[in-house]
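Student: Per the working numbering, the very first residue in the sequence shown carries number 11; after that it's consecutive.
Treat the hints as calculated values from the structure; they're not laboratory data. No incorrect hints appear here.
Estimated spans, in silico, between C-beta atoms of each pair: (1) 136 - 15: 26 to 32 Å; (2) 45 - 103: 33 to 39 Å; (3) 66 - 99: 45 to 51 Å.
Note that the structure is a prediction, hence the values are computed from the model and not measured. For every residue, glycine included, the Cβ atom is placed at its ideal position computed from N, Cα and C.
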Amino acid sequence: MDLKSLSACLASVVCSAEHPPLRPIGYTSGDGASVILKSVLERATELLTDPRAAENCSVHHRAFWQASFDAFFGLLTKYCFNKYDSVVQSFVSQGSSDTVRSDVGKAISREMPVELLRASLPHTSEQQRKLLLEFAQRSMPVTGFGGSS
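With the sequences and hints as input, model every part of the structure.
Tutor: As structure tokens, then:
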């Protein structure tokens, strides 16, 4: 696939009336959309970093890719933030014991589409990376990576 086709693929995901579930790869309820989207992101990375392939990517196609990616990244981060909040909310009523904290961390790890986030990194702007870093820092106390909250 060329960059223009990959851009159209991401744009169609964002513009669709019903967004696909952005589940982690290997998720028992299905991960087909995530597998395809990860492949799209990885192929775009190849095209944009391979000097021979990059020669064939016009400025217009690069701009279309970046706009499509930015919209997709907004959808992905919104999904992650909402998923994080819903997982944490489901455990809030159980108290704040070490066991619950561990369970929250495991549940978040199971629910987050880490592979999609990782495949997105080569395409993120400084502002988008900052957003991810802030989210990671916010979630660390809950998931047990950053001490107590």
